[in-house]
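*Asks:* Next come the chains, spelled out residue by residue.
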Amino acid sequence: MKLTGSEIFVESLKCEGVKTIFGIPGGVVLKLFDVLHQQNDVEVVLTRHEQGAIHMAEGYAKATGKAGVALVTSGPGMTNIVTGLADAMMDSVPLVAFTGQVPTSLIGNDAFQEADNIGISRPCTKHNVLVKDVKDLATVIKEAFYIANTGRPGPVLVDIPKDVTTESAEFHYPDKVSLRGYRPTVSGNRFQIKQAADEILKAKRPVIYVGGGSVFSGAANEVRELADLTQIPVTMTVMGLGSFPGTHPLCMGMLGMHGTYCANMAMHEADLLIAVGARFDDRVTGKLSEFSPRARVIHIDIDPTSIKKNVHAHIPIVGDVKAVLKELVQVLSSMDGNPASVKTQRRPWLKQVNAWSAQHPLAYQQEGKKETKPQYVIDKAYELTKHKAIVVTDVGQHQMWAAQYFKSGLQRTFLTSGGLGTMGFGFPAAIGAQKAYPNKTVLCITSEGSFQMNLQELAVAAIHKLPVKIILLNNQFHGMVRQWQDLFYEGRYASSDLGNTPDFVKLAEAYGILGLRSEGPGDVEAVLKEGFKHKGPVMMDFVIDRFENCYPMIPAGGAQHEMMLEDPPQLKTARKPSRNKGEDADAVLPA
Amino acid sequence: MEHVISVLVENNPGVLARVAGLFSARGYNIESLSVAPTPDATISMITVVTSGDEIIIEQIMKQLNKVIEVLKVVDLTEEDHLERETALIKIVTKQGQQRDEAIRIAGIFRANIVDSTPQTYTFEVSGDSGKIQAVIDRLKPMGIKEIVRTGRIAIARDAL
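Order-wise, the sequence lines are chains F and V. Position 107 of the first sequence, counted from 1, bears residue number 109 in this note's numbering, the numbering being contiguous throughout. Position 139 of the second sequence, counted from 1, bears residue number 236 in this note's numbering, the numbering being contiguous throughout.
Just so you know, these hints were derived from the structure itself, not from any lab. Quick caveat, the model's predicted, so the values are computed rather than measured. The reader is advised that the hints may include incorrect statements.
[Said to hold, decoys possible] Straight-line Cα separation of at most 27 Å, DSS-like style, residue types lysine-lysine; simulated pairs: (1) K163/V to K311/F; (2) K311/F to K159/V; (3) K228/V to K134/F; (4) K535/F to K574/F; (5) K328/F to K169/V.
[Said to hold, decoys possible] Negatives, chain F to chain V, calculated, CB over 10 Å: (6) T6; (7) G29; (8) H129; (9) L231; (10) P247; (11) P306; (12) T307; (13) M337; (14) N356; (15) S497; (16) E527; (17) P557.
Glycine included, each C-beta is placed from N, C-alpha and C at the ideal position.
Construct all of the structure, not just a fragment, from the sequences and the given hints.
*Replies:* Right under this line is the structure:
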């Protein structure tokens with residue numbers, strides 16, 4: 003039977019099992035939206051900005067592990083999703099973004115709302131395709147989902163000219179794809195795995211360093227088996243959080259720039275790193291030349307380009323993390339002398355790790371302070387929700403505090419913009435996650451800086467009755483910028499002071515959303531409880547200590563063991579007043 | 098060190114941009130680039146000459162392999178191979194004596210004269226980069242008007 007391109011598009015989405023897409027219509031995609039409007043299998047969530055749509059699709063994908071879908075129009079519709087594509091590219095988020103394009107006869111003519119969608123998105127997609135013939139549409143969509151979801155996941159953009167949406171072709175959705183240039187390696191090389199097992203048994207001070215690849219691969223059980231079997235302490239990157247229970251005795255928490263003292267010291271002193279779906283990002287390594295100087299490296303990753311890019315791997319293993327770890331655990335279990343002797347052999351190292359942990363645990367001082375400490379809010383939120391919540395963060399200080407204090411125990415429950423560090427990601431991503439799991443508690447831990455970058459999506463939460471719990475840590479600063487200005491720019495707050503606007507409670511109310519405010523530490527628990535009890539979306543505005551800084555901190559370019567653990571002495575006394583005198587001058591007097 | 102990498106790609110629009118974009122985005126160097134169809138009309142061959150240390154070349158190979166439309170990547174520098182490049186060189190020759198000298202040089206380097214006017218000669222010369230450079234150096238004193246080079250192509254030698 004012949005179908006129009008628009009019908010082929012919708013039928014293909016159904017074949018892929020897509021239930022929800024996020025987007026905004028426009029001139030060249032009207033026909034696509036028109037066909038979507040006349041069916042009930044695929045729901046369209048109309049967002050208020052295309053950036054909202056793409057981050058919602060990301061949140062949906064990060065929470066479910068399946069490709070999120072966005073549909074936007076040509077020109078500005080497409081350029082508005084670029085940030086989300088770049089974000090998904092960095093964090094390996096499976097996405098399929100459909101963009102409208104001017105009719106094929108007009109491409110290249112600088113037509114109204116024309117942009118070179120393929121050219122613009124090329125460096126920030128895993129793959130992109132312009133569909134020139136309606137006959138190719140179904141195959142291209144099939145391939146797009148396949149590429150987005152397999153190997154190292156990533157965003158794929160499909161650009162559909164207007165005439166392709168109206169012309170007709172026979173519809174046949176292919177059963178499988180044949181891409182001769184794309185065959186991800188899944189199972190690891192046996193010989194390499196055996197080598198890795200030998201190294202693990204020989205090592206005296208090993209560390210398992212887990213990244214986002216472990217989450218995408220669904221390897222939490224395998225990570226845990228490996229750690230338990232070999233008694234090796236585990237640290238996670240911000241993307242890897244949730245791969246290993248934060249409460250496990252072998253868990254050292256997050257590593258890197260704002261990682262725990264224990265994790266960074268252990269990485270520095272290690273004689274063996276087992277990198278599991280991690281990519282040795284600069285926020286993890288600190289100064290490369292002094293990174294883990296005594297360590298041999300086993301690097302497991304599905305993406306060969308991640309291996310030996312920043313740090314030399316002595317034993318590279320290309321493959322799916324879950325498959326490789328499964329085999330590694332098998333090999334280790336069958337080896338002589340293992341695993342009983344490992345426990346005794348590992349004792350001195352674990353003793354040292356525990357000593358670091360006891361020496362400088364994550365800490366903050368709420369007692370006796372009249373301002374609310376942001377860590378206290380997160381601590382309380384964790385206490386009240388435990389492992390039942392999906393936590394979605396924005397970017398900045400609050401993100402790092404959430405990573406430090408929310409001890410996620412499950413994969414896909416800590417969703418954040420790690421690689422690109424996209425402020426404005428959190429709230430729409432939380433909406434996307436909530437759309438995927440309407441009955442789960444979804445917390446959006448954000449700040450007034452990040453939140454204001456995509457606050458227009460409050461309308462979507464309200465209209466779709468998505469009960470996202472917004473925990474807004476309000477210090478009226480771009481807090482991380484202010485922290486760096488305090489530490490490295492002599493306290494000159496250049497364009498980081500946001501002032502005391504808006505009133506977030508009234509803002510929420512304007513959208514028909516419950517707004518609550520916590521003015522001081524005494525309000526925190528009550529506000530959280532009331533917010534969590536409420537059936538719909540809630541905005542909880544927590545007025546926090548404006549000058550709280552996030553520690554530990556490895557200063558940019560510093561070595562991993564050279565952490566700052568608290569404010570340097572000059573910050574403990576008076577702070578310099580802001581130069582932006584007009585902007586809420588009182589608030590920058592000594593805290 | 099210089100590496101000659103041959104890249105078999107799907108013959109789709111935009112593939113060259115993808116490969117070239119990869120080099121520019123990651124700060125890799127392209128010294129020469131040549132693209133041409135292969136006997137299989139669906140496949141094109143890109144020959145790229147680049148440089149970098151071992152780690153960079155390894156990354157370039159891996160990054161190229163990662164591109165969905167790239168089918169095969171071979172670093173020919175790793176094996177015994179032949180390299181060729183063609184140049185068209187137009188020189189200005191005013192006096193008869195100079196024209197004779199130009200023809201003599203062409204003979205030495207087995208260059209062909211493919212165009213001639215009373216004031217100019219155009220040579221076609223083919224060989225490895227060293228030879229092309231030598232011809233250019235010899236012709237320079239006469240006055241070179243224009244040079245156009247193809248960029249290098251390369252092929253592996255088979256074992257005997």
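*Asks:* Checking a non-interface call: every C-beta of chain V should be farther than 10 Å from the C-beta of P306/F. Is that right?
*Replies:* Non-interface label fails for P306/F: nearest chain V Cβ at 5 Å, not farther than 10 Å.
*Asks:* Could you check that no beta carbon of chain V comes within 10 Å of the beta carbon of T307/F?
*Replies:* Not fine: 4 Å to the nearest Cβ puts T307/F too close to chain V.
*Asks:* Hint check: K328/F vs K169/V, CA-CA at most 27 Å. Holds or violated?
*Replies:* Violated: K328/F and K169/V sit about 30 Å apart, past 27 Å.
*Asks:* Hey, K535/F versus K574/F, does the alpha-carbon distance stay inside 27 Å?
*Replies:* Given that 27 Å is the threshold and the Cα spacing comes to 39 Å, the pair is violated.
*Asks:* Take a quick look at G29/F and tell me if its Cβ sits farther than 10 Å from every Cβ on chain V, holds or violated.
*Replies:* At roughly 24 Å from the nearest Cβ of chain V, G29/F sits farther out than 10 Å, so the non-interface label holds.
*Asks:* Take a quick look at whether K163/V and K311/F sit within 27 Å of each other, Cα to Cα.
*Replies:* OK: K163/V and K311/F at ~14 Å, within 27 Å.
*Asks:* If I take the minimum Cβ distance from P557/F to any residue of chain V, is it greater than 10 Å?
*Replies:* holds, 25 Å
*Asks:* Report holds if the minimum CB distance from E527/F to chain V is greater than 10 Å, and violated otherwise.
*Replies:* With a cut-off of 10 Å, E527/F remains clear of chain V, as the shortest Cβ separation is near 49 Å.
*Asks:* Regarding the assertion that L231/F does not contact chain V, is the least Cβ-Cβ distance greater than 10 Å?
*Replies:* L231/F clear of chain V: closest Cβ-Cβ about 31 Å, beyond 10 Å.
*Asks:* Find the nearest Cβ of chain V to the Cβ of S497/F and say whether that gap is larger than 10 Å.
*Replies:* Correct as stated: the minimum Cβ-Cβ distance to chain V is 29 Å, above 10 Å.
*Asks:* For K311/F and K159/V, compute the direct alpha-carbon distance and say whether it is at most 27 Å.
*Replies:* Satisfied, since the Cα-Cα distance of roughly 10 Å is no more than 27 Å.
*Asks:* When you check the alpha-carbon spacing of K228/V and K134/F, does it fall within 27 Å?
*Replies:* violated, 45 Å
In terms of the numbered hints stated before, the structure departs from hints 3, 4, 5, 8, 11 and 12, listed from lowest to highest.
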